[in-house]
Amino acid sequence: MAKKETKQEKVKKMNDPTKKVRFRFLREIIHRYCKNRLAVAGFIILILFALAAIFADYVAPYWYDDQDISRRLMNPCWEFPCGTDQFGRCVLSRLIYGSRISIEVGFVAVGISLLAGGILGMISAYYNKLDNIIMRIMDLFQAIPNTLLAITIAATLGSGMMNLMIAVGISNVPRYARVVRAEVLRVKESEFIEAATSIGASSWRIMIRHILPNSLSPIIVQVTLGIAGAIISASALSFLGFGLSAPIPEWGAMLSDGRQFIRTQWYLCVFPGLCIMILVYALNIMGDGLRDALDPRLKK
Amino acid sequence: MLKYIIKRIIWLIPVLLGVTVIVFTLLYFAPGDPALMALGDTATEEALENYREELGINGSYLERLGRYVVGLVQGDLGISYKTKTPVVSELAPRLAKTMNISLWSIIFSIVVGILLGIISAIKQYSVFDAIATGISLFGISMPMFWQGLMLIIICSVWLNWLPPSGYGSFKQMIMPVLALGVNGFATIMRTTRSSMLDVMNQDYIRTAKAKGQTYWNVILKHGLRNALIPIITVIGMQISVLLAGSTIAESIFSIAGVGKYMIDSINFRDYNAVQGAVLMVSFIAALINLFVDIAYTFADPRIKNTFVSKKKKKS
Numbered sequence: 001m002a003k004k005e006t007k008q009e010k011v012k013k014m015n016d017p018t019k020k021v022r023f024r025f026l027r028e029i030i031h032r033y034c035k036n037r038l039a040v041a042g043f044i045i046l047i048l049f050a051l052a053a054i055f056a057d058y059v060a061p062y063w064y065d066d067q068d069i070s071r072r073l074m075n076p077c078w079e080f081p082c083g084t085d086q087f088g089r090c091v092l093s094r095l096i097y098g099s100r101i102s103i104e105v106g107f108v109a110v111g112i113s114l115l116a117g118g119i120l121g122m123i124s125a126y127y128n129k130l131d132n133i134i135m136r137i138m139d140l141f142q143a144i145p146n147t148l149l150a151i152t153i154a155a156t157l158g159s160g161m162m163n164l165m166i167a168v169g170i171s172n173v174p175r176y177a178r179v180v181r182a183e184v185l186r187v188k189e190s191e192f193i194e195a196a197t198s199i200g201a202s203s204w205r206i207m208i209r210h211i212l213p214n215s216l217s218p219i220i221v222q223v224t225l226g227i228a229g230a231i232i233s234a235s236a237l238s239f240l241g242f243g244l245s246a247p248i249p250e251w252g253a254m255l256s257d258g259r260q261f262i263r264t265q266w267y268l269c270v271f272p273g274l275c276i277m278i279l280v281y282a283l284n285i286m287g288d289g290l291r292d293a294l295d296p297r298l299k300k
Numbered sequence: 001m002l003k004y005i006i007k008r009i010i011w012l013i014p015v016l017l018g019v020t021v022i023v024f025t026l027l028y029f030a031p032g033d034p035a036l037m038a039l040g041d042t043a044t045e046e047a048l049e050n051y052r053e054e055l056g057i058n059g060s061y062l063e064r065l066g067r068y069v070v071g072l073v074q075g076d077l078g079i080s081y082k083t084k085t086p087v088v089s090e091l092a093p094r095l096a097k098t099m100n101i102s103l104w105s106i107i108f109s110i111v112v113g114i115l116l117g118i119i120s121a122i123k124q125y126s127v128f129d130a131i132a133t134g135i136s137l138f139g140i141s142m143p144m145f146w147q148g149l150m151l152i153i154i155c156s157v158w159l160n161w162l163p164p165s166g167y168g169s170f171k172q173m174i175m176p177v178l179a180l181g182v183n184g185f186a187t188i189m190r191t192t193r194s195s196m197l198d199v200m201n202q203d204y205i206r207t208a209k210a211k212g213q214t215y216w217n218v219i220l221k222h223g224l225r226n227a228l229i230p231i232i233t234v235i236g237m238q239i240s241v242l243l244a245g246s247t248i249a250e251s252i253f254s255i256a257g258v259g260k261y262m263i264d265s266i267n268f269r270d271y272n273a274v275q276g277a278v279l280m281v282s283f284i285a286a287l288i289n290l291f292v293d294i295a296y297t298f299a300d301p302r303i304k305n306t307f308v309s310k311k312k313k314k315s
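Residue numbers (our numbering), protein chains in the order written: chain A, 1 to 300; chain B, 1 to 315.
Calculated directly from the structure, the hints in this document are not laboratory data.
Check each hint, because a few of them may be wrong.
What the hints assert, rightly or not - Pairs of lysine-lysine residues, derived as DSSO-like cross-links and limited to a Cα-Cα distance of at most 30 Å, are as follows:
| no. | chain 1 | residue 1 | chain 2 | residue 2 |
| --- | --- | --- | --- | --- |
| 1 | B | Lys123 | A | Lys35 |
| 2 | B | Lys221 | B | Lys209 |
| 3 | A | Lys129 | B | Lys3 |
| 4 | B | Lys221 | B | Lys3 |
| 5 | B | Lys123 | B | Lys3 |
| 6 | B | Lys123 | B | Lys221 |
| 7 | B | Lys7 | A | Lys129 |
| 8 | B | Lys221 | B | Lys211 |
| 9 | A | Lys188 | A | Lys129 |
Since we're looking at a predicted model, the values are computed, not measured.
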């Protein structure tokens with residue numbers, strides 16, 4: 001099992017153009033990551049969710065919006081392992097299709113925050129004049145509690161998948177700006193940057209070719225943990241009614257629908273949350289594993 | 001010390017002003033015209049304009065922003081579109097409930113988190129450590145709203161121990177406080193554990209032990225004292241997470257607090273009320289963070305010095 005894991009990861013990371021140079025270094029990291037069994041388990045769970053999302057059409061026994069009133073609110077049984085909801089839709093199928101949405105929202109939202117936060121963080125680390133202005137503005141955004149900021153943005157933008165991703169993404173920008181800035185500031189002081197400057201490399205080239213690849217590891221950890229956070233925020237927004245709503249099988253929205261049946265149909269409130277928790281748990285232990293694997297202090 | 005605190009309090013003013021501008025700007029672009037919604041499509045332009053003036057939402061963006069900020073300084077958050085009463089008087093009674101729940105869950109998460117963190121750290125690799133670490137990982141992975149629902153299913157529906165909703169009695173407080181506190185407790189516990197592990201491997205701990213200090217003295221005075229900085233940082237971050245999370249907890253347990261008021265107001269497109277609620281919670285978060293920052297200087301006097309000298313250099 002462990003060997004298979006290594007291959008998959010290797011392929012995944014080899015495709016990353018910035019990393020090809022440090023091939024041996026990478027193998028070391030993968031080796032260290034694989035020693036951590038919990039982290040490998042997290043990776044396998046993530047892969048399983050991803051496979052379920054990709055092949056949802058083949059895996060799910062029913063279409064997510066397959067309504068049939070004659071079989072409404074059925075308890076879990078052989079045909080419907082997770083029961084059916086008030087419209088007679090198979091909850092298991094909806095959960096499987098829901099993994100598509102949660103994974104997509106999580107990754108895209110973090111992509112948005114990473115892109116915006118990364119650019120802002122790099123600029124403020126590289127140009128001293130802008131540093132104070134950008135970071136003070138980030139302070140202001142961070143002064144508003146994250147969930148409230150996301151709710152406010154979602155309320156302004158209205159519901160919908162893209163708006164949900166933007167709301168979650170923007171509310172997290174300051175965090176990424178801070179991480180990227182701190183990393184770039186650290187790398188900027190090193191000698192190879194001085195060397196690159198002295199041979200006349202442009203600022204952009206230094207930023208993209210030299211600083212970025214060298215400041216990746218804390219950013220990768222932050223991204224892994226950030227996707228977990230984004231999935232929770234997105235489903236919380238849907239739960240409150242500001243994200244996606246029926247008939248889209250978003251896990252948070254499913255919980256919100258199931259709430260009215262909490263006294264009789266407990267499974268409607270249990271399985272969607274369980275899915276969120278397992279996926280987020282997998283991402284969290286992956287993040288922890290990556291942090292340990294990438295930590296240079298543990299290199300020996 | 002006093003100078004540092006005063007400086008921090010003065011620094012709050014631009015932060016609060018900036019937060020006001022951000023929230024105002026965001027909600028300025030929110031869809032739906034309250035005047036059109038209240039009076040319908042058939043209303044004349046003049047009637048709409050009058051209605052807007054009554055609510056204080058006429059004029060350009062800058063005019064409105066200026067008016068709002070001036071009102072805010074005088075403690076006026078505008079009028080709710082829905083009830084036509086000042087937002088401040090609607091928020092005040094709700095704020096007490098929100099604060100009550102949030103503060104109890106903050107206390108819960110700090111006490112339990114630090115306690116379990118210390119025990120896990122000093123008994124590293126023990127059964128207790130494994131269980132506590134496992135629980136805390138689940139704790140940070142559980143979405144708060146699901147925790148709330150699970151608590152209702154287990155404690156109210158199955159066991160019939162606690163009332164599923166409402167606010168007031170001690171029994172009604174247990175579930176919201178737990179649901180809100182679990183994430184915070186898990187995060188604080190993890191930080192305490194790793195910070196304590198770091199510190200307990202330091203030389204001065206060995207020295208303290210060699211000097212013949214008592215076991216608990218070494219752990220609390222030499223260990224915890226030095227491990228406190230990252231813990232305080234995490235507590236500061238968790239407090240704002242918790243305050244925002246009360247929005248979700250309140251809507252699960254039907255508690256008429258600030259958060260529920262905010263959600264209801266968004267659904268009614270009552271943006272003045274939303275704005276008031278967001279600002280209120282952000283202000284409180286900023287205030288609590290101020291206390292946390294002051295607590296830093298007690299935990300580590302070095303921080304005060306760096307802060308003061310930095311400020312001097314800038315000015």
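Hint-by-hint comparison with the structure:
no.: 1; hint: B:Lys123 to A:Lys35; in the structure: holds, 23 Å
no.: 2; hint: B:Lys221 to B:Lys209; in the structure: holds, 12 Å
no.: 3; hint: A:Lys129 to B:Lys3; in the structure: holds, 28 Å
no.: 4; hint: B:Lys221 to B:Lys3; in the structure: holds, 28 Å
no.: 5; hint: B:Lys123 to B:Lys3; in the structure: violated, 42 Å
no.: 6; hint: B:Lys123 to B:Lys221; in the structure: holds, 18 Å
no.: 7; hint: B:Lys7 to A:Lys129; in the structure: holds, 24 Å
no.: 8; hint: B:Lys221 to B:Lys211; in the structure: holds, 14 Å
no.: 9; hint: A:Lys188 to A:Lys129; in the structure: holds, 16 Å
The structure fails hint 5 only (numbered hints given earlier).
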